[in-house]
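Participant: Construct the entire structure; sequences and hints are all you get.
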Amino acid sequence: MNEFFDPLSLARWQFGLTTLYHFIFVPLTIGLSLLVAILQTVWVRTGKTKYLRLTRLFGKIFLINFAMGVVTGIVQEFQFGMNWSNYSRFVGDIFGAPLAMEGLIAFFFEATFIGLWIFGWDKLPKKIHLLTIWFTWIGTVLSAYFILAANAFMQNPVGYELNPEKGRAELTDIVAVLLNPVALTQFPHTIFAAIMFAGTVIVAVAAYHLKRRQFVDEMRTALRFGAWTNILGFLGVGLTGHSLGMVMTQTQPMKMAAAEALYNTASGKDASFSIFSLGTPDGAHEIFSVRVPYILSFLSNGTFDGTVEGIRDLQAEYTAQYCGADAMLTCPTDGQFAPIIWVTYWSFRWMIGLGAFAALVSAVGLWITRKDKELPKWVWKVAIWTAPIPMLASLVGWVFTEMGRQPWIVFGVMTTEQGVSPGVPGWAVAVSLAVFTLVYGALAVVEFKLIKKAAIEGPAEITHDEESGEPDHDKLATVY
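The working numbering applies: residue 1 is where the sequence shown begins, and numbers increase by one.
Derived from the structure by calculation, the hints contain no laboratory data. Do not take every clue at face value.
[What the hints assert, rightly or not] With a straight-line cut-off of 30 Å between C-alpha atoms, the simulated BS3-like cross-links for lysine-lysine are:
| # | residue 1 | residue 2 |
| --- | --- | --- |
| 1 | Lys381 | Lys371 |
| 2 | Lys377 | Lys60 |
| 3 | Lys50 | Lys381 |
| 4 | Lys377 | Lys50 |
| 5 | Lys50 | Lys166 |
| 6 | Lys60 | Lys48 |
Facilitator: Given below as structure tokens:
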């Protein structure tokens with residue numbers, strides 16, 4: 001019973017639940033804001049009504065998702081003080097800076113222009129109104145960057161110094177924090193993943209209507225637009241993921257070793273990548289695997305003859321570095337510096353595999369829909385059910401990112417067990433975890449039903465005034 005109500009374990013579960021749940025909405029907001037901006041741009045350039053109808057349809061889905069993302073994101077701010085007060089006090093001077101920038105600069109920028117876009121359809125000139133959705137997208141990516149910069153400090157702490165008298169880390173270089181190599185590579189990787197997710201959602205909505213031969217002209221355009229977006233997004237994810245992997249190897253070599261369950265240092269041909277592997281229960285010894293030579297070396301170093309450090313060598317190195325007499329602050333209670341191997345191993349592969357599967361479905365979809373012909377219903381069902389696949393890839397990618405950093409909450413500076421709030425009983429965390437789970441479950445049902453309703457309704461009819469895109473001066477007169 002005491003293990004069940006362990007405050008640290010429950011706090012970690014709560015953080016994982018709220019963070020992953022919130023991140024369901026983030027990539028769709030980032031990706032759809034860009035794709036809606038592109039659709040509206042094409043409408044402004046061509047004057048074709050179908051692009052306006054698609055803009056309105058997917059803009060509505062974007063707004064529903066944006067609202068839910070704001071609601072769930074607020075909890076993230078409170079959680080650091082609720083369950084991780086030691087962490088908040090220790091690194092609040094650094095971690096709070098990019099979060100404050102996100103709230104005061106990016107979010108208000110985004111909120112201002114999203115308001116202008118919502119209410120400016122019949123009040124702003126067509127091209128001015130178009131700018132508002134592009135500025136909305138800029139606000140979403142700025143917001144994402146500031147948050148990723150805060151997370152990057154946890155992966156690779158820079159721009160700070162420890163104050164032993166106050167027992168906390170203090171900011172010395174905000175530029176170093178914002179230009180953290182992890183943030184610079186993690187940011188484009190996240191954006192391309194978001195674009196993939198948004199593309200598959202568009203494909204799913206189009207497939208639903210094409211299955212019923214509804215809005216055929218608009219939905220064929222949407223289907224191919226979403227599929228190409230998904231494929232291009234996957235290429236971007238792959239390229240940026242390789243860069244992120246090399247930075248990760250430099251800053252967190254244990255995470256890369258755990259991703260491959262590599263216990264002994266290897267180089268060249270021996271630094272292989274296992275597509276599938278079976279091992280002993282403790283994960284320390286391999287029983288069977290399917291391997292590709294040199295690939296782990298390339299992923300880690302960008303060369304086929306590089307060296308990848310193994311878990312055992314890194315464990316000995318970290319023990320000497322962080323568990324000495326002068327470094328007790330960063331030594332875990334059990335003295336283990338490797339994360340849970342099976343979690344990092346499989347989450348890394350599921351991340352890659354799910355993303356590749358979604359891109360493959362889009363490529364096949366582009367090929368079989370190149371001509372307007374009747375297709376079996378199962379084709380459209382596959383397209384519809386592929387929609388959440390990139391989202392799942394992103395979620396397991398974050399599981400890999402955060403679980404692979406363990407046992408540290410801030411790499412090399414503070415362990416996770418030292419960051420939890422002292423004096424908070426396990427039952428209190430368990431109650432809040434149960435409440436969050438129930439509330440988030442209810443919100444998920446509401447979100448899904450609202451988006452499903454908007455998707456099933458399809459593109460609305462466009463009036464002559466809306467099609468022109470010019471302000472309605474009669475309405476403006478009544479306003480002013």
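Participant: Now, for every hint given, state plainly whether the structure supports it.
Facilitator: So, going through the hints one by one against the coordinates:
{"no.": "1", "hint": "Lys381 - Lys371", "verdict": "holds, 19 Å"}
{"no.": "2", "hint": "Lys377 - Lys60", "verdict": "holds, 27 Å"}
{"no.": "3", "hint": "Lys50 - Lys381", "verdict": "holds, 24 Å"}
{"no.": "4", "hint": "Lys377 - Lys50", "verdict": "holds, 25 Å"}
{"no.": "5", "hint": "Lys50 - Lys166", "verdict": "violated, 62 Å"}
{"no.": "6", "hint": "Lys60 - Lys48", "verdict": "holds, 19 Å"}
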